[in-house]
Structures are given as C-alpha cells and as structure tokens.
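Peer 1: Sequence:
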Amino acid sequence: MKNVLVLGAGLVSRPLVRYLLNVPDFKVTVASRTVSKAVNLIADHPQGEAVELNVQNDAQLEQLIEHSDLAISLLPYTYHVKVAGYCIKHNKQMVTTSYISDTMKALDRPVRQAGILILNEIGVDPGIDHMSAMRIIHKVENSGGKIVSFRSYCGGLPAPEANDNPFGYKFSWSPRGVLMAGRNDAKYLKDGKIIEIEGKNLFRHHWLLNIEGQPQFETYPNRNSLPYIETYGLKDVRTMFRGTIRNVGWCETMLCIARLGVLDETERDDLKGMSYDDLTRRLVNAPAGMSTRKATQAFLGDDASAEVLDRLEWLGLFSNDPLPDEPTYLDIMTHRFLEKMPYKTGERDMIVLYHDFLAEWPDRQRRITSTLVDFGIPNGDSSMARTVSLPAAIATRLILQGKIRLSGVHAPVLPEIYNPVLDELETMNIACKEQEYPV
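In the numbering used here, the protein residues as written are 4 to 442.
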C-alpha cells in the first residue's frame with residue numbers, strides 16, 4: 004500500500020483526489036485547515052482519510068509527511084519549501100503544481116542526496132505548457148532541426164456561451180491574484196532583442212491573437228520569458244515569448260483600472276460610509292457639477308474609450324452602491340470583481356493553450372502549432388481544476404509505481420515525465436492538436 008498525502012483541499016484538488024482514490028493499493032490522506040472540505044473530497048471512500056491540519060503546526064505536518072510515501076502540496080507556494088524540508092529529512096517524494104522558486108531550486112543538491120524527486124510545475128500553466136512544448140522541441144531536434152522562435156500563450160476564460168459580461172472574464176475564486184498580476188514587470192526576446200516592460204505599462208503592451216477555430220483573443224506578456232530559453236534548452240532561439248490570453252478589451256480596461264489607483268494595497272481608515280461613486284470622484288479629483296463618468300474620462304484621457312467607460316460603469320464604479328467593509332482599495336476591487344463576475348451554476352469555463360514555433364532544418368523551415376482547448380463539465384469539475392490537478396495526479400501514480408525514476412528538483416521537461424503524462428491526459432480528452440505548415 005502506497006500512502007499519498009494531499010496538503011490542501013482547495014478548488015482544484017477534487018479531480019486529483021478522485022483519481023488517486025481509484026488507484027488500487029493507494030491510500031490517500033487529505034489534510035486541510037477546513038476539515039469539512041477534506042471530508043467532502045474523500046466522500047467516505049474506503050481508501051481515503053480526512054484530517055484537520057494547521058500548516059503552522061510543524062510537528063503535525065512533519066508527522067503526516069513521515070507516514071506518507073509522497074506529499075502533494077496544493078498549499079500556497081510560500082509553504083512548499085517548508086514541506087520540502089520535511090520530505091528531504093524523511094526521504095519522501097514530493098509533487099507541486101507551482102513554479103520552481105529560487106529557494107526551491109537551491110534544494111536540488113540535498114534533494115539528490117536524499118535520493119528523492121521533487122517534481123514542480125506539473126499543472127497546466129506551468130505544466131501541460133512545458134510538456135507539450137518539449138515534445139515538439141525534442142521531435143524537431145531529434146530530426147536534425149532547431150527551434151528559432153517560440154511563442155506560447157495560455158489563459159483560463161469563460162466558455163463562449165458563458166461569456167456574457169463586458170469584461171469577458173469570470174472568477175471561481177478570489178480575483179486578487181488576477182488583479183495583482185496586472186502590476187508585474189515583463190521581459191521577453193524578440194528577433195534577438197530583449198524587450199522589457201514596466202508593470203505600469205504592462206497593459207499598454209498587448210495585441211490580437213488568432214487561433215484557428217476560436218474567436219479572436221488578445222494577449223499580453225506573462226512575466227519574464229527569458230529563463231525558459233534555458234529550461235527548454237533553446238540555444239538557437241531568437242524569439243521567446245510567453246503570453247496570457249484574454250478576451251478582447253480586457254487589457255485596455257485593466258490599464259484604466261490600474262491608472263485610477265484602485266489596485267493600491269495601502270490600508271485606509273477613511274472609507275466608512277462611502278459609495279463607489281464617492282471613491283471614484285476622489286480618485287479622479289472630480290470637480291463639483293461634473294458627472295463622474297465625464298471626470299473619469301478627463302482623468303484617463305486617450306486611454307478611456309467609450310467601451311472602457313461602459314465597462315467601468317457596468318462594474319459599478321459610478322454607482323451609489325456602498326463600499327464593502329474592506330481595508331484597501333485592492334480588497335474593495337477584489338470584492339467587486341467577484342460580486343459582478345462569478346460563474347453561475349452550470350456554467351463552463353475553458354482553458355486555451357497555444358504554442359507557435361518556427362523550426363529550421365538545413366533544407367527547410369516549418370511553422371508548428373500546438374493547440375489545447377478544454378472545457379469544464381457543467382455542474383462538475385472546471386477545466387481549470389482538471390488541467391491543473393490531473394497532470395499532478397498522473398505523475399504521482401507514475402512516481403510511486405516506479406515508472407518515473409529521477410532525483411532532484413525538476414520541472415516536467417524530460418521525456419520520462421512528459422510522454423506518459425501527456426499520453427494519459429489524451430485518454431481523458433485533454434489533448435494538444437499539433438499542426439505543421441511550410442514557411
């Protein structure tokens with residue numbers, strides 16, 4: 004019997020837990036701060052156990068890890084290194100869906116010395132994006148070619164029939180992370196030149212994206228793309244870009260929301276009794292007698308198209324609705340976005356992942372694309388939950404059954420990992436469609 008410890012019972016955990024419970028000879032322990040969530044996930048399965056865990060309780064956390072064969076951390080990424088420390092101490096394998104932080108990367112030597120594998124970035128983005136990219140990159144290289152350009156795009160969106168608000172976006176959980184992502188600096192390589200964008204200009208730097216069989220999207224840079232040149236071993240690449248996919252209009256609207264200052268995290272004690280209209284008038288310094296919409300347009304200048312102002316009005320920034328009892332502007336916006344843009348019962352989300360390569364051989368050039376479009380199940384698992392957690396679940400099974408035999412801190416960029424994981428995902432209808440075009 005193999006013992007799997009799942010740390011965290013959040014919104015993406017259900018498909019992973021159900022998958023692992025159905026593996027013969029696996030016992031699954033789900034540990035959560037809110038034990039009722041863990042109980043719901045286990046659902047009286049004979050191979051499952053739910054336990055209450057406060058992650059600050061180091062003794063309990065260590066004991067749970069010590070009695071497992073592998074720990075899956077679905078906790079916030081800030082806890083991963085702590086979990087990794089106990090996995091190293093007790094020679095236990097570990098899986099996460101999060102990016103490899105510098106502190107995690109620094110554990111590579113002790114992890115190897117312990118003879119264990121810590122597999123990170125095995126979700127969708129990061130995760131399926133790496134695996135589907137590496138399958139193409141290795142195929143090109145093994146046939147004597149090289150990749151000279153790689154553009155990769157990913158986004159989670161409402162399915163077309165659920166795309167019914169002016170922002171073209173909906174939330175299953177707190178919008179805080181999405182709102183904060185709009186302040187990140189970005190960096191990528193274009194035609195051999197490094198392009199750097201300050202966070203304040205991120206949403207000025209967007210363009211349209213056409214994917215065969217899909218409505219037109221827009222994309223903007225996703226943080227720093229340059230480390231992926233090394234991750235993917237692309238020594239000949241002249242363009243390396245990773246972008247976020249959104250529906251058209253998102254970027255120009257989020258630029259204006261950022262410029263209004265409503266993403267500020269400063270705690271305030273002067274918001275009692277105010278409405279959204281009062282707040283907006285304060286932020287744009289609206290003169291008496293001028294409508295809030297007009298004052299906002301004057302403040303934002305050329306950035307504020309009629310469509311953007313319509314979206315701000317729909318969001319309620321010019322309304323007399325009272326502000327929620329929150330300490331910062333960012334918390335107020337987080338509350339408002341979730342209030343106005345939730346997924347309704349039975350609505351589907353979708354994940355779009357699109358790679359666009361330019362490959363060169365001595366005698367030819369080819370454009371190669373890889374497209375994944377996956378939809379959530381009405382009243383069931385979201386696409387986000389399935390595509391984040393099923394790769395981690397499959398990898399966990401492969402590790403514990405001895406089919407992945409690696410040690411160290413890894414992302415899923417080796418054939419030993421990506422081939423069996425992608426192959427099994429295809430049996431679940433999570434499949435990338437590859438196409439090749441002459442150039």
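Calculated from the structure, these hints are not laboratory results. Backbone N, C-alpha and C fix where the C-beta goes; we use that ideal spot for every residue, glycine too. Treat the hints loosely; a few may be bogus.
[To be verified] DSS-like cross-link-like pairs, simulated, lysine-lysine; straight-line CA separation at most 25 Å: (1) 30 x 5; (2) 142 x 30; (3) 142 x 92.
[As the list claims (entries may be wrong)] Here are the computed distance ranges between Cβ atoms for each label pair: (4) 442 x 319: 19 to 27 Å; (5) 343 x 226: 21 to 29 Å; (6) 213 x 272: 42 to 50 Å.
Peer 1: Is the distance from the Cβ of residue 442 to the Cβ of residue 319 consistent with 19 to 27 Å?
Peer 2: violated, 49 Å
Peer 1: Taking the CB of residue 213 and the CB of residue 272, does the distance hold inside 42 to 50 Å?
Peer 2: holds, 49 Å
Peer 1: Next pair to validate is residue 142 with residue 92; report whether the Cα-Cα distance is within 25 Å.
Peer 2: violated, 38 Å
Peer 1: With the threshold set at 25 Å, check whether the alpha-carbon distance from residue 142 to residue 30 stays at or below it.
Peer 2: Distance ~37 Å between residue 142 and residue 30 Cα, so the pair is violated.
Peer 1: For the pair supplied as a hint, residue 30 and residue 5, is the alpha-carbon distance within the 25 Å limit?
Peer 2: Holds, because 6 Å separates the two Cα atoms, which is no more than 25 Å.
Peer 1: Measuring from beta carbon to beta carbon, are residue 343 and residue 226 in 21 to 29 Å?
Peer 2: holds, 27 Å
Hint violations for this structure: numbers 2, 3 and 4, all remaining hints satisfied.
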